[in-house]
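Here is what each chain is made of, one letter per residue.
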Amino acid sequence: MTRGISYLRSVVMIVVRSLRQHALSSMVTILSVGLAAGLVMSVFSVARQSRDAFAGGPVGFDAVLGARGSQLQLVLNTVFHLETSPGNIPWELYEEIAADPRVKLAIPYALGDHYEGFRIVGTDSRIFQDVEFGEHEDVVRPLALTPNSYFFDEHKREAVIGSFVAQETGLGVNDFFHPSHGVDHAHEEDYVVVGVLEPTNTPADRVIWIPIEGIFRLDGHVLRGSGEEFVPEAGHEIDDHHKELSAVMLKLTSNRDGFFLGQEINGNRDDATLAFPISASVSQLFDKLVWVSKVLELVAYLVVVVAAGSILASLYNTMNERRREFAILRSLGARRRTVFAVILCESTFIAALGSVLGFACYFGILALAASVVRKEVGVALDIFAYHPAMLWTPLGMVAVGAFSGLLPAFKAYSTDVADTLSRS
Amino acid sequence: MNLLHIQGLKVTARNPGGANATILEVPELRLDPGQQVCLAGRSGSGKTTLLNAIAGIRRADEGRVEVAGKDLAQMGESARDRFRALNIGYVFQTFHLLGGYSALENVLLGMLFGPGPDRAFGEQLLVELGLGDRLHHRPHQLSVGQQQRVALARALANRPKLVLADEPTGSLDPGSALEALGLMRQACRDHGAGLLVVSHDQAVIADFEHKLDLAELNRASTIPGGAQ
Chain A
1 MTRGISYLRS
11 VVMIVVRSLR
21 QHALSSMVTI
31 LSVGLAAGLV
41 MSVFSVARQS
51 RDAFAGGPVG
61 FDAVLGARGS
71 QLQLVLNTVF
81 HLETSPGNIP
91 WELYEEIAAD
101 PRVKLAIPYA
111 LGDHYEGFRI
121 VGTDSRIFQD
131 VEFGEHEDVV
141 RPLALTPNSY
151 FFDEHKREAV
161 IGSFVAQETG
171 LGVNDFFHPS
181 HGVDHAHEED
191 YVVVGVLEPT
201 NTPADRVIWI
211 PIEGIFRLDG
221 HVLRGSGEEF
231 VPEAGHEIDD
241 HHKELSAVML
251 KLTSNRDGFF
261 LGQEINGNRD
271 DATLAFPISA
281 SVSQLFDKLV
291 WVSKVLELVA
301 YLVVVVAAGS
311 ILASLYNTMN
321 ERRREFAILR
331 SLGARRRTVF
341 AVILCESTFI
351 AALGSVLGFA
361 CYFGILALAA
371 SVVRKEVGVA
381 LDIFAYHPAM
391 LWTPLGMVAV
401 GAFSGLLPAF
411 KAYSTDVADT
421 LSRS
Chain B
1 MNLLHIQGLK
11 VTARNPGGAN
21 ATILEVPELR
31 LDPGQQVCLA
41 GRSGSGKTTL
51 LNAIAGIRRA
61 DEGRVEVAGK
71 DLAQMGESAR
81 DRFRALNIGY
91 VFQTFHLLGG
101 YSALENVLLG
111 MLFGPGPDRA
121 FGEQLLVELG
131 LGDRLHHRPH
141 QLSVGQQQRV
151 ALARALANRP
161 KLVLADEPTG
171 SLDPGSALEA
181 LGLMRQACRD
191 HGAGLLVVSH
201 DQAVIADFEH
211 KLDLAELNRA
221 STIPGGAQ
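First to last, the protein sequences are chains A and B.
Last residue of the first sequence: 424 in my numbering, with the numbers rising by one and none dropped.
Last residue of the second sequence: 228 in my numbering, with the numbers rising by one and none dropped.
Isolated chain A (complex conformation):
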């Protein structure tokens, strides 16, 4: 037993010494293994996590009713604020769906304007009371105000802004801003921020909420809800049949109802689309994009091959100078299998150290990805979430490392002691 331990210790001592002796090449190799391991874990984890964040998280609603078109576009537009509106629907459709007994809650959305790139959503005050936002089912809650803020008055030009909007634009309570339409057209009206929301880690953080009436009345907006063009006049009520909406956000009484409602609307009507269930639409997107993650996986595997090659090359290159070292060790009584083990341990050790470094790379890449996704979409990736790749990548890397050591180890194994010593 003690022999075994001292044998192990001698191997480890020689391995550590040799890694130190070739510090630069060891470091470069460890670094390349680390990058490879980090990359593989990231590719798998980011793919899983972004899918979970988009398709798995609670979005506050069960379904979206919008103009005839793609369900995916509807969802990306109204839930993730990533797309443009496929078109508008008349106010009557909203009243009709709101009256349906299967609908628990129907909130109108009027979209199309923005401020400094942030989406302005015209809606009513129920968005603050009846809808819950959150990154996971267990942390959902209604939108909450930071201290000294208020929700907007539906009859005033007031705005409530998401936390990310406040952070990026610098807008705060009592600040004024002009909503814009398109790239260069700023509306004349100015809106005052009355509320700043607490972060939700959802796309809602990137939204500016204003009363829907305000959207109708923004200068330059023309309403076509009745089929004719109508420009609202200040001081006069807008008749409902002129109003038009981008979408109606729905909460339903049950999934079963959602299924039938979807069949009715998508199957029988040609003036509207119901996106239900919302996560299914997003899943479709990820299914379409699955080849992207396949390509990334392939690239990651190739990087692993390159890393394995660099282990092999770094060991193999030192073999000529180390042949003498191994011959000396042999002359001191080291057995063939001992020098074989030394090289194999060295390559395995490099791979193991690289894998540890791989976790640093992994967290670095994920932190970067999370901040980009957060900035662009508002959804939060969980950097520390577990993925099986975090187990099998280091294990696989160590196996690959051991394998890469075989050839140099065999070269050390077959060194002829007498020949090598007499030559040096």
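Keep in mind the hints are simulated off the structure, nothing from the lab.
Built from N, CA and C at the ideal position, the CB exists for glycine as well.
Hints are all accurate, no fakes.
Derived contacts from chain B toward chain A, CB cut-off under 7 Å, selection only:
hint, residue
1, 57
2, 58
3, 81
4, 84
5, 96
6, 98
7, 112
8, 114
According to the in silico footprint, chain B covers these stretches of chain A (three or more CB under 8 Å from chain B):
hint, segment
9, 11-18
10, 328-338
11, 411-423
Knowing the structure of chain A, use the given hints to seat chain B on it.
Just chain B, lined up with the frame of chain A:
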């Protein structure tokens, strides 16, 4: 029991033509425990081959090579490696110290494959050989004479019964050669190891009471300057 008993030893090597040629043939050679013997032989006389065969680095093709009663010719390679680690110290002509390791580490390295590292004994050996202030120097920071003493300490590290030395003065200047030889002989005596030296240095040969001419000992017709 003899420390070393060689009978009918034959070592062959493949020559450039591809045929096997006998490069060493020693009918008989004995060493008593603790005895110090010098084999006189010039380069090409098969001296390194003989030492390698005794150390078990090179396998005997015929005959017996008994060290402390064990026949190395009957052992497999791995057993010979282990036997060498425990029983035989080898001081190479060019020392073969490992450049990446300090003097003490070189000695400890010699112990790794034998009974295991014994730092105190390693330090003691180096102190005895006058290297007490050079323990942590790398070989390239040492003089040639000091390097040889490190090699000697390494050879003695596992308390061997037999020390082999190949041209121990070959790399030294004549002034210090005999002093180095004296130190080696004294150290082997102190640690109870027999010593077998091969050399063509007349001063070395003259220093020994027991000497043999390898040219007479080796019956193989060796090619001068050829494989040793």
